[in-house]
Structures are given as C-alpha cells and as structure tokens.
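*Asks:* Residue-level listing of the chains:
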Amino acid sequence: MKISDLTELALRNLRESVLRNSLTTVGISVGVASLVAMLSLGTGLQQLLSQRLAKSGLFDTVFVSSRRDLRGGMGREEERKGPTPGESRVLDEPARQEMERLPNVSEAYPDIRFATELRYEDKPHLTMISALPLSAKSNDAFDGMQGNFFSSDTGAEVILQKSFAEELLGKTPPLGAAEPNVAELAKPLLGKELTMRYAQRQAAPSTQPSLREKDTSVADDGVESAAYSVVSREQKLRIVGVSDLDPETMRGPTRAKVFLPLGLAESLHIMQPTDLREISRAATDQPVYSSVSVRVNNPAQV
Amino acid sequence: MKTAPAVASARGTLAVRIENLCRHYRMGETVIRAVDGVSVEIRAGEFVALLGSSGSGKSSVLNLIAGLDRPTSGSVVVQDRDLAKLSREDLAKYRLHVVGMVFQSFNLIASMTLAENVELPLRFAEVDRSQRGNLAREALEHVGLRARMNHRPSELSGGEQQRAALARALINRPQLLLADEPTGNLDSHTGTEIMNMVREFNHELGMTVVMVTHERALAERYAQRMIFLADGKLIDDRTNSDRINNDRANAAAAADPREPGGRP
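From first to last, the protein sequence lines are chains A and B.
Counting from 1 along the first sequence, just add 17 to a position and that's the residue number in this note's numbering.
Counting from 1 along the second sequence, just add 854 to a position and that's the residue number in this note's numbering.
These aren't lab readings, by the way, just hints derived from the structure by calculation.
Worth double-checking, as some hints may not be accurate.
Claimed, not checked - With a straight-line cut-off of 30 Å between C-alpha atoms, the simulated BS3-like cross-links for lysine-lysine are: (1) A:Lys19 - B:Lys947; (2) A:Lys204 - A:Lys154; (3) A:Lys72 - A:Lys19; (4) A:Lys19 - B:Lys1087; (5) A:Lys209 - A:Lys140; (6) A:Lys19 - A:Lys140.
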C-alpha cells in the first residue's frame, strides 16, 4: 500500500473515534510519563547516593593511626603481630610524606582536631575544631554552603557548621521544632570575627646547660631531656562560610562543628593529645600526628 | 500505473492441487487433527462445494487454500506455487491477486462506506487513485448496489452486505473465489440471490469457486462437484451430474436461436 493511502486511512481511523483515541493517547502519555518519572527518580537518587558516598571519603580514604596510639585497639590479628607499640614507628611528617609518595595516593593530610573555646561577641562557646585541607572543598557538605570556602590554606578563616551557627546566635531550636534556614543563620555571621583560644605547644629551651644540670632525673642515663611549654594563645578568625550539611557525619562523637584551614592549624602548633605521649618529639618543632587521612585516586585501589 | 489483473486460468487446467494436507493444532497434551491427510485436485473453472458437519475441517481446508493458514504437513499448490513454501510477503501478494474471499459474517469495515470497502483491495494493490473510484463503482453496479455505494454496512441488509463483500472479493479479478458459508447469515431468498451471483461469476469469468457449506441442497443446486469431509478426512468426492446436465442444457438453449432468450 502506498504511503499516502496508509496515512489517509490512519488519519481517517483516528477521526472516526476522536474521544476514544484521545483517551488512549492521554492514557499512554500518562503511563509513559509516570514510567519516565519513576525511572528518573530512581536513577537520580542512585546518582545522588553514589555521589554522596564517593565524596564522603568512605570509599577513597584510609585513616592511618600509629600502633603507638594505645586508644581504641581492636585486638585484631594484625595488631598482635609486628612490633610492640613502643617499638613502632611514630606517625610524623616524614611518615606522612612517605605515604603521600605511595602509588595511587592523591594526598595524605594529618588529622588535627581539638576541643577549645571560641568567643563571639564576648561570649564563650566550647566546641570541637577540625582542620581541613583545601581539597575538602569538593566535599558535598560544602555544595550548598552559604559564603565561601577558605581562600587559602593559611588564611585566618573559619567555616561553621549550621548547628554551631545556631548556638552562636542563640537560635538552637528545641527538639522536634523546625530548624532555622541556613541562609538566615549565615547572614548576620558571615564576615564577622571569632576569637579562638587555644593551647599552643612551644619547644622549651631544653638544651640550656643550666637546666640540664639541674634535672637529675634524666641527666645520668644518657636519655636526652625533653621539655615543652603549653602557652595559651588567641587567634582571630573571620567567618567565611556556614555549611548546612555536616562534613564529618562519619566521625561520631568527635566530629567537629568548626573548621580551619589545615595550613593555618599546622602553623599554630596547637597542643594535641599525642603531644603528651610523644614528649621527646613534642619538644621539637616536628609535629606528631594522631592519625593521617590518606586519599587514593580510585576507591578500587584502597 | 497498476491495474487489476484479469482472470487468466484456462478452463480444465489444474487450479488447486492439495496433497496429503494436514493441519494439526496442539492444545496442551492433546493434538487436534483439524485436517488429516486430505488430497484433492480442483480444475480451473470448477465450482466445488466442501461439505461436512461442524468441526469436519471444511473451513480449515478453505483457510489453507486461501493462504490464511499454513499446513502442518502436506502441500497446497496453486498456479505451481506451494503455499507452504511462500514467504509472508509472497503469501500476501497471493491473497491479494489470486484469491477473493467471502465470509459468512461479511467482514466489511463498519467505518467505511461500501465504495471505500470495495476500493480497499485496490489500495493494497496500489492501483492508481483515479482508477479506483471507477472500478469500485463498476463492481458495485455489477452486484446491484450502485445506489448504495455511499452507505455504510450498518445501513444495509444482510444480503446487500454480502453482495458488497462479493464485489470486494472480485474487484482484483481473482482466479479463485473462496466462500465460507456465504449464505449462512441470510434467509433462503437472499441466499439464492447471492448463490446465483456466484454461479454467474463462475460461468462468465471462468472463475474457480470453492464454497464451504453444510447445506447439501445448496451444494447440489449450484456446485459441479461435492467434496465431503468428516473429522478432517476426505470421505467422498463426487461430481454433481444434475448441475452439469443443467449447465449443458442451459448452454445448448443459449446457443439455439429458436429457444426464447437464445443467441440469434
């Protein structure tokens, strides 16, 4: 049959029962649209979850801690083998650099985390602070952030998590109540200054002969004396961002609500729990890390 | 420009050859032998009636000859072509050009007028649009429905619908007219009208007619040959001497100028 005849007959049949054909068309359209919507929703959710999980560091980051850290041992077979904690290697800057040079490793950065006091409008707030590398900008917790990410690795800047912003403004909602909008919270805070009080570790002049002679406990057994001071310091920090989501969801109770640039945190020589354990190292300028986050290029290579 | 082919078979040559034809249907574990080893030859120009009770396999044989169904085994050879071996496209062409079919329930398209219904095979045959109208009009005139050509099937009586179906079956000038209980839905008077028309086509155009019926009287009156089927098997094949004698007498009368109505 000719195309013209086919078309003519098809149109004629469509005209023959307009209502039925219209209803059929609407039915098919609704059916197909529903199917497409459901598939799109499924695919979208899958992509969102994959993206979130990929950015969370759950699959591409290994947290490395030293065997010398006696907290939280899991008693696994691997931990029973090898050197004793005392003989184990210290997790310091050379160790971090060594990890960073491993194949497929994109970066290895120390976990600097401490609880301290922040003052805002002369009111003290105690909170957990964590240092973030610039690469954390890709973390999806900062996707919908109000303000900006750190301008540099050493800038005196700070990003607040929404719940801490609520605390600063005295707007912490009661349990079950609707949470305030992050944009509303950020508006009065962005660009404002916070004062961070922290404990700085300072190497003491332990090499002074007069001091060595007076220290009878260590002078005779050949062990080098080590000492450092802990000095209370203040650092002004400018609020550059307020994030709605929590970038440290996986951290549990030790998760921070305030974030500093990693370079700044390192330069401040903030007293860390490991400094109490590694006294001889803490007395120098060389930091010792409690843990190092090692990020790989491909999760399959972890 | 394509035109409808004319009926070309010479009387007496072999029109249809059926050899050991079987059509079995499987219903779960059971095999139903609708047609079971039927062999028959039909000559061009013959008027053959397939008789038998319900379920004897008459319509199945007719469908196999029409190329509407394929045999389980055996062969149906029409114009030296084994239908079982034809491709779907070739079978469609065979149905379009070689076969005309009339059904008990007319099978006219309700949304089309009679002219459009009759014109439909011409559309499939890709006959030029300008010719189609004339051919359809002529065909309807031939069956006495010229005045009803713009009516829809629902506006016609059963006899008129069957006449329109006949016009549609014959519009492409097929060599084989297959009729499946053509008078089944009609009263006896209208049935006679239709059968006279079929006999006329058989006579005038030399068209081979195969008609399925369970009315023996109808077959005896019109068919030259009667084939009896039972349980899918051919049980009898006999010529209808009364009809043949009548035909001869009519032919002689028509040739004699002294007879009323005879050719001068």
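*Asks:* Hint by hint, say whether it matches the structure.
*Replies:* So, going through the hints one by one against the coordinates:
1. Proposed proximity of A:Lys19 and B:Lys947 is supported: the alpha carbons are some 15 Å apart, at most 30 Å.
2. For the given pair, A:Lys204 sits about 21 Å from A:Lys154 by alpha-carbon distance, which is consistent with the 30 Å threshold.
3. Distance restraint check for A:Lys72 and A:Lys19: the Cα-Cα separation of roughly 59 Å exceeds the 30 Å cut-off, and the hinted pair is therefore not satisfied.
4. Simply put, A:Lys19 and B:Lys1087 have alpha-carbon atoms about 42 Å apart, too far for the 30 Å limit, and the pair is violated.
5. Restraint check for A:Lys209 and A:Lys140: satisfied, since their Cα atoms lie roughly 14 Å apart, inside the 30 Å limit.
6. Only pairs whose Cα atoms come within 30 Å are accepted, and A:Lys19 paired with A:Lys140 is rejected, the gap being roughly 87 Å.
When each numbered hint is compared with the structure, violations occur for hints 3, 4 and 6.
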